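There are 2 protein chains.
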Amino acid sequence: MNKQQGSKNLLTEPFIKFFRGKNFAFLGTVNKDGSPQVTPTWIDIVEKEKEKEGEDHEQIILINTAKDRIKQKNVSKNPRVSISIVDEDNPYSMITVKGRVIEQTTKGADEHIDKLAKRYLNADKYPAHSPDVKRIILKIKPEKIFYIPPRYTEYLQKNK
Amino acid sequence: MNKQQGSKNLLTEPFIKFFRGKNFAFLGTVNKDGSPQVTPTWIDIVEKEKEKEGEDHEQIILINTAKDRIKQKNVSKNPRVSISIVDEDNPYSMITVKGRVIEQTTKGADEHIDKLAKRYLNADKYPAHSPDVKRIILKIKPEKIFYIPPRYTEYLQKNK
Chain A
3 MNKQQGSKNL LTEPFIKFFR GKNFAFLGTV NKDGSPQVTP TWIDIVEKEK
53 EKEGEDHEQI ILINTAKDRI KQKNVSKNPR VSISIVDEDN PYSMITVKGR
103 VIEQTTKGAD EHIDKLAKRY LNADKYPAHS PDVKRIILKI KPEKIFYIPP
153 RYTEYLQKNK
Chain B
3 MNKQQGSKNL LTEPFIKFFR GKNFAFLGTV NKDGSPQVTP TWIDIVEKEK
53 EKEGEDHEQI ILINTAKDRI KQKNVSKNPR VSISIVDEDN PYSMITVKGR
103 VIEQTTKGAD EHIDKLAKRY LNADKYPAHS PDVKRIILKI KPEKIFYIPP
153 RYTEYLQKNK
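Chains as they are written, first to last, in the numbering used here: chain A, 3 to 162; chain B, 3 to 162.
By construction, these hints were calculated from the structure, which means they are not laboratory data. Treat the numbers as computed from the prediction; the structure is a model and nothing was measured. The hints are all genuine.
It does not matter which identical chain is meant; a pair holds if it fits inside one copy or across any two.
The calculated lysine-lysine pairs, modelled on BS3-like cross-linking and capped at a C-alpha distance of 27 Å, are:
no. : residue 1 : residue 2
1   : Lys127    : Lys69
2   : Lys146    : Lys10
3   : Lys117    : Lys160
4   : Lys160    : Lys127
5   : Lys34     : Lys10
6   : Lys120    : Lys160
7   : Lys117    : Lys10
8   : Lys127    : Lys162
9   : Lys117    : Lys162
10  : Lys160    : Lys24
Given the sequences, and given the hints that come with them, work out the whole structure.
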């Protein structure tokens with residue numbers, strides 16, 4: 003199996019497609035009792051603004067959740083996350099990103115969930131806005147990437 | 003949001019479809035450094051044989067992995083797992099099962115991966131058998147189920 007590990011530019015091929023399609027990310031966090039938690043979620047990635055001229059660009063993964071959801075509470079205690087995404091065109095191609103929540107912000111979070119709803123649902127606005135739900139963006143710094151290129155293509159073709 | 007929690011019969015509707023389709027399960031475990039790990043995997047479910055007459059049937063989730071894979075090493079240290087599956091017909095319908103690996107066995111594991119390859123790939127045999135890989139079935143006892151019925155159907159219809 004051809005695997006690639008280490009730090010990569012997630013905004014280039016073959017990685018970028020995992021963050022631009024309609025496929026869900028499965029976010030792993032750790033509960034306060036030490037058990038694991040996995041939640042399907044929409045996902046986004048952006049280039050972080052450079053703080054100084056000449057600095058390398060840095061990519062930040064964004065997950066839009068709500069205050070007091072299990073994953074938000076978990077990452078507030080233990081910021082380490084694992085994100086698994088399979089390719090919608092070939093689910094045997096996959097990426098896993100280990101990373102860390104470096105910031106949580108409510109700023110722009112309502113607009114950001116609208117943007118994700120457009121991409122994932124083709125909805126003009128996120129259909130589940132509620133005054134009782136305070137949306138929060140989790141900003142995740144990728145630390146380790148594990149990628150598997152497409153496999154079993156001949157079987158998937160045959161089963162179409 | 004209509005949520006159902008608690009212990010349920012996973013071999014009945016609406017739960018059974020998550021374990022019989024081609025959708026992957028995303029298995030969450032905890033690494034030895036306390037960080038989370040998520041891996042996409044094939045999944046199966048069986049009825050455990052009754053040990054005594056009159057006993058309730060018990061369902062066991064089966065995940066077929068290989069010796070020394072990260073998930074196998076993780077559950078050998080910390081048997082708690084979280085399994086997340088989205089419905090292939092409506093990814094906004096999902097099930098999360100919290101559970102515990104109660105047994106690991108190599109017995110029947112090669113035949114079992116062939117059975118899964120038939121279901122997922124329509125292959126006569128698992129295409130990646132290797133003498134260097136010792137397959138192992140993880141037997142998981144479900145402890146807590148969280149289910150979300152289909153949502154956003156109108157958007158999914160419109161985008162077809």
